[in-house]
Amino acid sequence: MNAPRRFGNLTAHVVAFCRRLRARGVPVGPREAADALRALGAVDVGDRRECYLALRTVLTSRRDDLAVFDEVFEEYWNPPPPDGASGAQSAPDAEAAGDGVQPPPALAEWLDDAPPAEGDEPLPAYSPVEVLVQKDFSTFTADELHEVTRLVVAIARRVATRLSRRTRAARHSARVDLRRTIRHSLRRGGEIVDLAYRRRRIQRVQVVLLADVSGSMDLYSRFLIQFIYALQHALGRVETMVFSTSLTRITDAMSEDDLRTALDEVARQVPDWSGGTKIGASLRTFLDRYGARLLTPHTVVLVISDGWDTGDIEILEQAMAELHRRAGRVIWLNPLLGSPGYEPICQGMRAALPYVDVFASAHNLESLRRLEKHLAARRR
Amino acid sequence: MHPEIVRIQSMLEDQGYVADQSLATSVYLAIQLRKPLLIEGAAGVGKTEVAKVMARALDTDLIRLQCYEGLDATTSLYEWNYQRQLLHIRLQEHSDLPVEIREREIFSEPFLLKRPLLAAITHERAPVLLIDEVDRADEEWEAFLLEVLSDWQVTIPEIGTIRAKHIPYVVLTSNRTRELGDALRRRCLYLWIDYPAFDKELAIVRRKVPAINDRLAEQIAAFMQFVRKTKLEKTPGIAETLDWSLALMALHHDHLDEAAVAETLGVLFKQRDDAERVRTQWLDHLLASVAALDREPRPWTQEMIDRVAGQGVGLPRR
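Top to bottom, those sequences are chains A and B. Under the working numbering, residues 35 to 414 are what the first sequence spells out, in order. Under the working numbering, residues 87 to 404 are what the second sequence spells out, in order.
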């Protein structure tokens with residue numbers, strides 16, 4: 035077996051390698067770099083596969099890192115030989131060249147000071163066909179708005195109370211705190227007179243709303259947005275995002291006290307109202323950007339969409355699978371489900387369905403009212 | 087290969103675990119660097135098994151902590167033995183000792199019930215501490231665990247700080263029902279265990295079900311490869327493969343055919359929908375794939391299997 039060809043200064047190379055991993059998004063810091071060196075000290079550095087396995091064990095920490103690691107490893111330790119060079123002591127490449135040889139004590143500092151690689155960060159891209167329309171909510175007549183809002187708020191309240199009652203009932207009731215009970219009883223020679231209680235902190239349900247505001251949803255979205263507004267206000271822990279071709283977080287905008295101000299703010303923030311739909315890509319953005327913070331077994335994810343996806347269906351399916359795995363419950367509200375004879379035959383909806391715990395309609399107030407019974411966090 | 091890694095690999099194999107180099111290297115490094123090893127992978131790929139085998143190979147005890155939602159510091163660290171305390175208080179009922187002294191007495195080590203974490207750090211020799219399905223525990227507990235794993239000491243208000251006598255070998259497993267925090271991940275070495283490749287699964291079947299005939303073993307291992315390429319609620323793991331092998335043998339089947347598979351589907355698929363879907367939609371395709379493979383020269387290779395699967399004997403794609 036060949037040793038890694040860059041043998042000159044192992045430390046410098048490991049550090050440069052770690053930096054490359056980090057530039058590609060693998061969380062590798064000084065501690066990992068130091069561990070990598072220790073690990074290489076423990077294995078046979080003459081054995082390429084062994085080095086590979088050792089570095090992989092130490093430097094990755096999640097499954098998604100593995101593919102990136104393999105790529106970077108291949109690039110770094112096994113680059114195509116330069117013309118004419120025998121390859122035995124190939125010089126570090128452009129990126130590593132400026133770093134020189136680093137003594138181990140400088141390792142931590144050096145890694146910390148490494149500037150982030152420029153241009154590696156993927157920037158959200160907008161497709162040229164995207165329709166940039168700002169939504170004008172003023173099309174509601176004052177009366178309509180008032181009436182619908184009143185109803186929607188009432189429903190959202192009920193959904194919210196039901197939700198918190200359920201969570202509480204699902205928890206253990208207060209438990210006896212034996213430790214304190216015994217301490218108290220000590221003073222009475224072991225007679226237990228009062229029981230001391232302790233209460234488990236109630237873990238509240240986190241609700242994430244992902245609402246489709248693309249063109250095909252136009253009819254419903256102005257109505258649903260009010261429901262979302264009301265729900266967010268009644269429930270507290272709600273994060274709200276809207277999407278069509280890209281994803282926008284509107285939680286803060288929606289928390290405005292006045293519905294109209296909130297809607298204006300939302301309309302201002304969302305760039306692609308009534309555009310096409312890339313559900314998969316939008317869900318992916320959600321998972322990557324907010325997933326770690328928002329998705330737990332206590333999370334209820336509510337997707338509101340008709341499932342018409344103009345993007346890649348495979349991306350949608352993968353994103354749904356991940357959503358299903360990481361969230362406590364995935365509810366899909368489809369306004370079309372209310373129409374008689376509707377079958378979820380569009381590709382997007384079909385791909386998403388296997389990963390949906392509850393598939394329900396949301397085309398009128400009655401359907402929203404029925405929502406409350408689905409809003410418990412746990413799947414089983 | 088490093089002689090130690092070879093030794094670990096053969097130790098694992100002696101214990102009945104078919105270990106590839108990647109697994110053996112991770113176990114070796116976890117021992118050498120004394121860092122916790124986080125093992126992730128789908129259910130049924132043998133994550134928990136690694137810890138058990140590691141304990142046997144190191145000839146030390148295994149202390150297991152099964153995580154669940156609501157697991158808290160008390161149940162994972164220590165609890166007071168209340169019955170014993172009460173009894174003690176009753177026996178001392180007429181003693182003249184002041185309350186403070188009696189209190190100190192009953193909150194002392196003899197009345198302490200050690201739960202897995204405390205047991206692990208106070209063990210006579212470094213044990214293997216298995217923290218199973220850590221993803222099921224709450225985030226708060228994860229933060230608490232992180233503290234124990236970094237300091238190797240715990241503080242009990244009534245007694246004081248207990249420091250680890252020996253730092254245990256720690257194995258954490260996760261089915262990824264919840265994403266673990268970065269801080270915890272980065273404290274650990276990482277190993278991803280995939281479903282086994284054909285060769286490995288065949289070796290496992292032969293080792294664990296020695297009485298099985300070669301043809302059936304090969305067909306089973308190949309069938310599993312094809313099954314895992316289809317989309318299921320719950321993809322069967324190694325445990326299911328072994329159960330299925332035993333079931334087929336118990337029913338005196340020496341090769342796979344429609345009757346044999348239909349009869350035993352419930353062993354392989356624990357979800358009713360899956361069993362149903364396989365029976366009605368995919369069984370023909372799966373068996374056709376195995377039959378196509380049967381026409382290939384032996385020994386079968388992963389490459390052949392992937393080719394047969396790819397040729398689309400009509401197998402629905404994942």
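Worth flagging that the hints you see were computed from the coordinates, not collected in a lab. Since we're looking at a predicted model, the values are computed, not measured. Some clues are possibly wrong.
From the structure, some residues in chain B lie toward chain A, with a derived Cβ separation under 7 Å [as the list claims (entries may be wrong)]:
#, residue
1, T111
2, L115
3, I117
4, Q152
5, Y154
6, N167
7, Y168
8, Q169
9, I175
10, E189
11, R264
12, R272
Per the computed footprint, the stretches of chain A lying under chain B, defined by three or more beta-carbons under 8 Å from a beta-carbon of chain B, are [as the list claims (entries may be wrong)]:
#, stretch
13, 75-82
14, 275-287
15, 294-300
Here a beta-carbon is modelled for each residue, glycine too, at the ideal position from N, C-alpha and C.
Hints, verified against the model:
Nearest Cβ of chain A to the Cβ of T111/B: about 4 Å, under the 7 Å cut. The hint holds. Below 7 Å, beta-carbon pairs count as interface contacts, and L115/B has one with chain A at about 5 Å; its hint therefore holds. Contact between I117/B and chain A, as hinted, is not supported at the beta carbon level, the nearest pair being about 9 Å apart and thus beyond 7 Å. The interface hint given for Q152/B is violated, since its Cβ lies 16 Å from the closest Cβ of chain A, which is over the 7 Å cut-off.
Look at Y154/B: its Cβ only gets to about 11 Å from chain A, farther than 7 Å, so that hint breaks. Because the smallest distance between the Cβ of N167/B and any Cβ of chain A comes to about 10 Å, over 7 Å, the interface hint for this residue is violated. Contact between Y168/B and chain A, as hinted, is supported at the beta carbon level, the nearest pair being about 5 Å apart and thus within 7 Å. Residue-level restraint check for Q169/B is violated (minimum Cβ-Cβ distance to chain A is 10 Å; threshold 7 Å).
The beta carbon of I175/B comes within 4 Å of a beta carbon in chain A, closer than 7 Å, and the hint placing it at the interface holds. For E189/B, the interface hint holds, since its Cβ comes within 7 Å of a Cβ in chain A; the closest pair sits about 6 Å apart. Contact between R264/B and chain A, as hinted, is supported at the beta carbon level, the nearest pair being about 6 Å apart and thus within 7 Å. Interface hint at R272/B: satisfied, since its Cβ lies 6 Å from the closest Cβ of chain A, which is below the 7 Å cut-off.
Counting residues of the stretch 75-82 of chain A whose CB falls under 8 Å from any CB of chain B gives 4; the rule of at least 3 is met. Residues of the stretch 275-287 of chain A with a Cβ under 8 Å from some Cβ of chain B number 0, which does not satisfy the need for three, so the listed coverage is violated. Counting residues of the stretch 294-300 of chain A whose C-beta sits closer than 8 Å to any C-beta of chain B gives 0, which falls short of three, so the coverage hint is violated.
Violated hints, in rising order: 3, 4, 5, 6, 8, 14, 15; the structure is consistent with all others.
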